[in-house]
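Chains as they are written, first to last, in the UniProt record's numbering: chain F, 1 to 213; chain H, 1 to 213; chain P, 1 to 213.
Please note: incorrect hints may appear among the correct ones.
Any copy will do: because identical chains look the same in the list, a pair fits if it lies in one copy or spans two.
[Unchecked claim] In silico DMTMM-like pairs for lysine to aspartate or glutamate, Cα to Cα no more than 25 Å straight-line: (1) K204 to D185; (2) K94 to E152; (3) K94 to E181; (4) K161 to D63; (5) K161 to D184; (6) K204 to E99; (7) K36 to D159; (8) K204 to D184; (9) K36 to E99; (10) K204 to D159; (11) K36 to D185; (12) K36 to E152; (13) K204 to D63; (14) K94 to D185.
Calculated from the structure, these hints are not laboratory results. None of the values given here were measured: they were computed from a predicted structure.
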Amino acid sequence: MPYMPHVPVHVSLVTVIEIVAILVGAFSGFVEARRKRMDLVGVFTVAFITAFGGGTLRDILLDRRPLFWVMHQEYAILIFVLALIAAPLMRTLKQILSERLIVIADAIGLGLFAVAGVSQAQAAGMPLFIASMMGVITGIFGGVLRDIVCNEVPMVFRDGKPYAICAFFGCWLYIGLQYTEISDDVALWVSAASITVMRLVTWKFDLHLPSDK
Amino acid sequence: MPYMPHVPVHVSLVTVIEIVAILVGAFSGFVEARRKRMDLVGVFTVAFITAFGGGTLRDILLDRRPLFWVMHQEYAILIFVLALIAAPLMRTLKQILSERLIVIADAIGLGLFAVAGVSQAQAAGMPLFIASMMGVITGIFGGVLRDIVCNEVPMVFRDGKPYAICAFFGCWLYIGLQYTEISDDVALWVSAASITVMRLVTWKFDLHLPSDK
Amino acid sequence: MPYMPHVPVHVSLVTVIEIVAILVGAFSGFVEARRKRMDLVGVFTVAFITAFGGGTLRDILLDRRPLFWVMHQEYAILIFVLALIAAPLMRTLKQILSERLIVIADAIGLGLFAVAGVSQAQAAGMPLFIASMMGVITGIFGGVLRDIVCNEVPMVFRDGKPYAICAFFGCWLYIGLQYTEISDDVALWVSAASITVMRLVTWKFDLHLPSDK
């Protein structure tokens, strides 16, 4: 792999992080595409875009190649197989999964994606504010691109819930922890967990951004 | 051209393939932009995006540069001139072209684009499933981006017609033919033709994907 | 900065040009996002996309890195701070700014962005028509991406006003002036000013593209 960029020490951890987040993202894409009554092609594409869109946009902006899903075609194949069985799968999953479970899985995905994003942006030499933006982009732009393809104003820009804000604070927590004695692996997990917890707390108490609309 | 990537033997054939497909794509963009009552700028841009969008997205994902239309500004100029005369052109063309003719031209474009896409992705060293996805992206994302710019849910994701599926099977036919004695040029044409025929047969008999909407 | 591309002599001028245009673009994004009742995250993102979208798309198409806003995080931070105070800011600004002032600022931004775009495309070795297209893309695609994210058919494609056309003519004026004795700096300012004046004149007299809708 001649294009392989400099690989930071925690690459295996970051890889695990992205895999979990990808599956959560794909599921959210399945739900939205089915709600829009899309066919098999739409279901696969929207799930794929939701799962990989944020990381792909980050890598295009940073000019990192090959893309994660290009190097690991097994994830694309997995989403393809899931799309083929999405219709019966959705019925079964809806019986198993409560809204609570979906929100929890999504909150975990948000934390993992955002922290992977900021970490990789720093590995690419980005200044701190841009690295934190790349973390948030990785965390939320899968959903943003999903909503654009589904012809909706992106939910994360209009519902007033502190979704991106949680990711933003968690990215800065990760950056801040680098100035302590804490190891990078611990900092990654602590920051991802803090995003998940912030998201769940703000969801539980239905907190909103201050607004004077 | 210092950026020129490694050029496979069949480059001239692939180039011919892309030219025909570009003109078909531009026509489809003209029709949609006029239907949306766009002005000259919109007509040109939507035609351009429809014609080059799929290949451009593929090249950005693969990090191939320079882009086809950057190296060959004559196609951009051609679409520009066609956009300038699109209004009277459309009236004349609508008298000449039946729906049947447009579907046939589009089916030819789909086959040519998809096969060019999978071929170039393989030349860039992509694994097989990703290469087949790149073929489908090249074939359908011009239309997807056209629909997004025109503020519609992409037709190819919701009409249940096996449009992308035909491209997908044709890409795998091309990949499969590489394990036979057949020359690459023949494999390219056979695969592109098979996509066109599949598309026309499924259109003729109004076949749809199984669905339980 | 190992990625730094060849820098033309007029880089400092082009940089100044982009800074002014960025602030004008961000303001237009604020207005549209607030009109769509977006929250803080939406207001920041739409302002950012409007300000940097055109130049970012140009740089991705040309494969130039690092992106302008990645090298200069102070602009991202500035837009972030402005987004935080956007609500009271908008009220004050609406009292200060007439429609006339906004159109004038926007016309200045259009000229500056377009001329910066064509200049940088030529520095990257683009053929002339493609360079002029890159100038127009830099000038108008911030607004196009803003409208796509806000779920609208892009205004610049449908209102029949010669907005992109002014940018296009100004880009060709800049290209033409290279065949004279005029220095590049003067050519840049003259071309940008000509776009601004063309835009303001066509706005003042409410000129439209010929159309047979």
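Results of checking the hints against the structure:
Proximity of K204 and D185 under a CA criterion of 25 Å is satisfied in neither setting, with 29 Å inside one chain copy and 58 Å between copies. For the homomeric pair K94 and E152, the shortest alpha-carbon distance inside one copy (23 Å) is at most 25 Å, but the shortest distance between copies (28 Å) is not. Within a single copy, K94 and E181 get their C-alpha atoms no closer than 44 Å, and across copies no closer than 50 Å, so neither meets the 25 Å cut-off. Taking the shortest Cα distances, K161 and D63 never come within 25 Å of each other, neither inside one copy (31 Å) nor across copies (36 Å).
Taking CA atoms no more than 25 Å apart as the test, K161 paired with D184 passes in neither setting, with 30 Å inside one copy and 49 Å between copies. Taking the shortest alpha-carbon separations for K204 and E99, only the intra-copy value of 12 Å comes in at or below 25 Å, while the best inter-copy value is 43 Å. In this assembly of identical chains, K36 and D159 lie within 25 Å of each other by CA distance both inside one copy and across copies; the values are 19 Å within and 11 Å between. For the identical chains of this complex, K204 and D184 are neighbours neither inside a copy (30 Å) nor across copies (59 Å), given an alpha-carbon limit of 25 Å.
Proximity of K36 to E99 under the C-alpha cut-off of 25 Å is restricted to the intra-copy arrangement: shortest distance 19 Å within a copy versus 28 Å between copies. Taking the closest pair of Cα atoms, K204 and D159 come within 25 Å of each other only inside a single copy of the chain (15 Å); across copies the shortest separation is 39 Å, beyond that limit. Taking CA atoms no more than 25 Å apart as the test, K36 paired with D185 passes in neither setting, with 40 Å inside one copy and 41 Å between copies. Proximity of K36 and E152 under a CA criterion of 25 Å is satisfied in both settings, with 11 Å inside one chain copy and 12 Å between copies.
In this homomeric assembly, K204 and D63 never come within 25 Å of each other (Cα to Cα): the closest approach is 38 Å inside a single copy and 43 Å across copies. In this homomeric assembly, K94 and D185 never come within 25 Å of each other (Cα to Cα): the closest approach is 35 Å inside a single copy and 49 Å across copies.
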